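J.: Sequence:
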Amino acid sequence: GRAGSPSLAALNAHYQPGAVRAAKDVEAVWLVRRATAECGGVRAVNCKSGKDRTALELALSLSQEVGAAGIVPDRLLHSLRTALQVGLSYELTSWNSGQPSSYAFELLELACLPSGWAPSW
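In UniProt numbering, the protein residues as written are 1 to 121.
Hints are computed from structural coordinates only; laboratory data are not their basis. Note that the coordinates shown come from a computational prediction; the quantities given were computed from them, not determined experimentally. All C-beta atoms, glycine included, are put in the ideal place defined by N, C-alpha and C. Check each hint, because a few of them may be wrong.
Stated by the list, open to error - Taking CB as the label site, the calculated pair distances span:
| # | residue 1 | residue 2 | range |
| --- | --- | --- | --- |
| 1 | Val-72 | Glu-38 | 22 to 30 Å |
| 2 | Pro-6 | Leu-76 | 17 to 25 Å |
| 3 | Ala-13 | Gly-98 | 41 to 49 Å |
| 4 | Trp-95 | Ala-9 | 20 to 28 Å |
| 5 | Gly-4 | Trp-95 | 37 to 45 Å |
| 6 | Ala-23 | Gly-98 | 26 to 34 Å |
| 7 | Glu-65 | Ala-23 | 25 to 33 Å |
| 8 | His-78 | Gly-4 | 35 to 43 Å |
| 9 | Ala-68 | Gly-18 | 17 to 25 Å |
Could you build the full structure based on these sequences and the hints that come with them?
T.: Set out below in C-alpha cells:
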C-alpha cells in the first residue's frame, strides 16, 4: 500500500531522531507535498499572518503545478510565476487585513527569503 511509498519513507527519514534539518526546514514542505500527493490528498497552505508568505507559496506552487501539467509552455512559466507573485500578494494582504493592498515584508525579511520566493518588484 501507500504506507511503503517512497515519499512517505523520505518524510519519515527526515523526522527520525538524530536527523539533521535546517532551522528553516523548507525541505519538509516539499516532502509533505510529495507524500500527500502520493496518498491522494490535497494541499492546504496556512501561515500565521496569511499575508505575503502565503501568497508567495501559493504563487510558486501554482506555477510549478501548471508547469508539471504542461498547461503553459515552458517559455511562459517565468512570466506566469512573476504575475502570480505580484498579484496574489497584494490581494491576500488586503483580504486578510481589511486594508488597501500592499506588501508586508521588511528589508531583512526580503533578504532572507529562499531563492525564487522573493517578489519581483
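J.: Hint by hint, say whether it matches the structure.
T.: Hint-by-hint comparison with the structure:
| no. | hint | verdict |
| --- | --- | --- |
| 1 | Val-72 / Glu-38: 22 to 30 Å | 24 Å, holds |
| 2 | Pro-6 / Leu-76: 17 to 25 Å | 31 Å, violated |
| 3 | Ala-13 / Gly-98: 41 to 49 Å | 43 Å, holds |
| 4 | Trp-95 / Ala-9: 20 to 28 Å | 38 Å, violated |
| 5 | Gly-4 / Trp-95: 37 to 45 Å | 41 Å, holds |
| 6 | Ala-23 / Gly-98: 26 to 34 Å | 33 Å, holds |
| 7 | Glu-65 / Ala-23: 25 to 33 Å | 27 Å, holds |
| 8 | His-78 / Gly-4: 35 to 43 Å | 37 Å, holds |
| 9 | Ala-68 / Gly-18: 17 to 25 Å | 33 Å, violated |
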